[in-house]
Structure formats: C-alpha cells, structure tokens
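Protein chains: 2
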Amino acid sequence: MLGRVAWFTRRRRGTEAPKLRSRSAEVSGRRVELDDLAPSAAEFLGRAAYLQLALFENLGRVIAAAPTADAKARLAQVAQAALAKHRGLVALIERQGIAAGTAMEPFTRGIDEFQRRTTGADWPQSLMTCYLTAGFLDDFLVRLAGGLSPEVSQRALDVLDTDEQLDVIAELLEAQIAANPRTSSRLALWGRRLVGDTMLVARESLTSSLDRGRDEERIEPVFTELIAAHSRRMDRLGLTA
Amino acid sequence: MLGRVAWFTRRRRGTEAPKLRSRSAEVSGRRVELDDLAPSAAEFLGRAAYLQLALFENLGRVIAAAPTADAKARLAQVAQAALAKHRGLVALIERQGIAAGTAMEPFTRGIDEFQRRTTGADWPQSLMTCYLTAGFLDDFLVRLAGGLSPEVSQRALDVLDTDEQLDVIAELLEAQIAANPRTSSRLALWGRRLVGDTMLVARESLTSSLDRGRDEERIEPVFTELIAAHSRRMDRLGLTA
Chain A
1 MLGRVAWFTR
11 RRRGTEAPKL
21 RSRSAEVSGR
31 RVELDDLAPS
41 AAEFLGRAAY
51 LQLALFENLG
61 RVIAAAPTAD
71 AKARLAQVAQ
81 AALAKHRGLV
91 ALIERQGIAA
101 GTAMEPFTRG
111 IDEFQRRTTG
121 ADWPQSLMTC
131 YLTAGFLDDF
141 LVRLAGGLSP
151 EVSQRALDVL
161 DTDEQLDVIA
171 ELLEAQIAAN
181 PRTSSRLALW
191 GRRLVGDTML
201 VARESLTSSL
211 DRGRDEERIE
221 PVFTELIAAH
231 SRRMDRLGLT
241 A
Chain B
1 MLGRVAWFTR
11 RRRGTEAPKL
21 RSRSAEVSGR
31 RVELDDLAPS
41 AAEFLGRAAY
51 LQLALFENLG
61 RVIAAAPTAD
71 AKARLAQVAQ
81 AALAKHRGLV
91 ALIERQGIAA
101 GTAMEPFTRG
111 IDEFQRRTTG
121 ADWPQSLMTC
131 YLTAGFLDDF
141 LVRLAGGLSP
151 EVSQRALDVL
161 DTDEQLDVIA
171 ELLEAQIAAN
181 PRTSSRLALW
191 GRRLVGDTML
201 VARESLTSSL
211 DRGRDEERIE
221 PVFTELIAAH
231 SRRMDRLGLT
241 A
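Residue numbers (my numbering), protein chains in the order written: chain A, 1 to 241; chain B, 1 to 241.
Treat the hints as calculated values from the structure; they're not laboratory data.
C-beta: ideal position from N, C-alpha, C; glycine also.
Don't take every hint at face value.
[Said to hold, decoys possible] Incomplete in silico selection of chain A near chain B, CB under 7 Å: (1) A69; (2) K72; (3) R155; (4) T162.
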C-alpha cells in the first residue's frame, strides 16, 4: 500500500490547483470521481447520519474510559464536533420530510456490526478506532456527498466538511505511545485491521447498481487516496500502515 | 416528602413575583437562598463541568444501548444539550486562566463514585438516571451559581439555565412503561434510590465551611424544593416518588 501511496502523492503534486473547500488538499482534489456512484439523497443522509452517530458513540466510550479529567475534557471537544455532524445530517433528513429514525433504520445492522468489530480491547485501541475510522469515513463521505443533487450536496458538505478535531486524539495517542513504546506494534496491527473494516463499511455506502469492471476501475484510485490519508494518520503516530 | 412539597407549593403561590430567568417557576423563585453557601468560582466551575461531563457520559451509554435508531437520534439531541453545558463551563474555566483538567481533577473521585452507583442495571434504569439526576443537578447548579460573583454568576447561568431536553427522555420512559407496565414498580424504586445519591453529590458541592445548625436550616427548604421538582418528574411517569 505504501508504494501506491507514495506514487500517488508524487503524481498529484503540481498537477492540481488548490481548492477552496477542502478537508485536506490531498483528498478534495479528486473529489469528483465518486459523483455518479452516490446513492439517493435519503439513503446517503440516513447512512451518513447513523455512521456519525456510531463514531460519536465510540467517542462517548473513550471519554467514559479516559484516565484523567484532562483527557475527558479534550475528547469531549471531539465528541461535540462528531455530534454536530450527526445532528446536522438529521436536520437535512427532516428537511426532506423524513423522520431521522426511519431514514437511519435500514443501515443500523451493517453499521452496528462494523462498530462491534472495531470497538477495541482497551483504551488505546478504542482511541485508535476513533482516530482512524472517523478520519477515513469523513474523507469518504465528503467525496460521496459530491454526487448528490447540487442543493443537498452543498448542505451535506457544509455539515461534513468541517474539522473533526482528530489532532486532539492523535495527541492523546502520541502520549500513550511515548509513555509505553511497546504498545506501538499492537496499535499498528490494530490500525491495519481497522482500515480493512472501514473500507468495507465505506464500500457498502456506494450505489448498489455498481458495474463490476468499469466502476471498480473508477473506485480504486479513490480508495487508494483514502488509504494514503490513512497512512499519513498512522505515520503521524510513528506507526507503519 | 410529598406532604412538605404540597405545603411548600401552597406557601409560594401568590407570595413571589415571576422571575425573568428561570428553568421553572418553582425552582427559580427562591434561587437566592443558597447564595453565600456557594464555593469559589474555580471550585464551582470545575465541579459543575465534571458533573455535566458525567451526565453526558450517561447519555452516551443510553444512546449506545438504545434499541432503535429513532431512540438514538432523540437521545443524541439530549446529549448535545448536555455536552454544550459541559463545554460552556470549560470555556468559563479557561477564561479564568485555568486548564479544564486541573479545575475538574479534584472532583473526579466523588463524581465517578456517584456515576458508578447510579449507572443502572438495564436500559430503562439508565434512562431514569439520565432523566432524574440531570433534572435535579441542573436545578441545583442553577441555584448555586447565584452565589458566585455577579459576572461569573451571569455567565454560568447563561450556560446552565437552558433547556436540558428532559422531555425527550421522559417520553422514551413513558413508552417503556406503557409497553411493559410491570417495570413501573422497579423504576419507582430506582428513582427513590437515585434521589438519595443525587442529593449527596449535590450537598458535596456546597462550601465546606458550613455551619451545622444555622446553614442546615437554610439548606433544608432548598432541598425540599428540589425534591418537589423531582417528585413532579416521577409523577409525570405515573410513578410515586
């Protein structure tokens, strides 16, 4: 993976103009690629709202299990950002005259299973989950939102394309690793497993009418980029993706 | 308790003008009584911020355990309100040049123990905890905030004296009880235990220099009123306080 990532980063440099709206220059530059693979607005919003709720629930767990008041307070700030995304998506669902519960219910089973698989065995692993799955899925949802109708797309981006404050989690993880360097290899392993599960739940969000072959070819570079961003998150912690 | 409540409600009627700022007419009318029993601003804010965080954590747990996407979405709204209180108090702490973790740390032990004792054995019990402890403690903190210096007091009230959306939880509890009326007596029992634990954690928030006797006499009517509000929350669910 790292080989493709490096190649990709090289290729992009100098070939793309900076964009005004961006979570990160790396990701937004190629946002258009998933456009016509997006599902209907109701499906997108229902799934995205439930995903954000799951990410928020994970943060709730790491706040409850945090060892100090300081860590709790910092993570509460991240939870506030995640919750704002969920609530913002719920507002968009209700704007369409649909109850939030109704819109989200079809996606609970798959996402609950994803959440169960990615819970983590202890506090550092659960922190990694919050850091990596939110990073990957927020990148992914921002790209997918580009394929909705212009009005819904813009509103969804206003909600999703905001700072999810992952730096706060990265700092807590860095402190954990510095205090106990032997956790590194275990966290690196966990990070690799997380990216697999996260890619699967992201793939499920694409329209179900994918054409194997043509569409696969278009999806691959997008996921390569999302994985590149994932690798940078791992790099930051000194972990090999 | 119910006898004192009725007496108190009777006496207050017609003797007090309505106040502009109020969580409820019943509670705010006598807010001044705890004024000089309030601790220092740093102590008040640190404890209140950690209490709000604990209440938020409880909401996180009931969201994660909620049986439907609809219940989760509704509770997420309540969590947003609770988190806003915590974050607002943290902002006030930082405004005083103190780190939030430092301000909260002295109170973690007592509040963690309170949280442990009030977790609840299942989802309906945990919902009751969110409903009753947040209701009681928000009422209490609003009164106690009146005893801070005017500037801090006003800012703290701006944060705390807002709708904590307990109606949402009450509706979910009503649905639980309607679907399974036999849970009533168990929840009533749990509610009675909760008010005891909640009163204890509230008492700990008063200045430590209490004069037994004189101060006790002044505290009692305040708690009588807080218990009256608690009884109304129980009444609403058809449960005896």
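Structure-based check of each hint:
For A69(A), the suggested interface contact is upheld, since its CB lies about 4 Å from the closest CB of chain B, less than 7 Å. Nearest Cβ of chain B to the Cβ of K72(A): about 6 Å, under the 7 Å cut. The hint holds. For R155(A), the suggested interface contact is broken, since its CB lies about 18 Å from the closest CB of chain B, more than 7 Å. Evaluation of the T162(A) hint against chain B yields a violated restraint, the C-beta minimum of about 15 Å exceeding 7 Å.
Hint check: violations occur at hints 3, 4; the rest are consistent with the structure.
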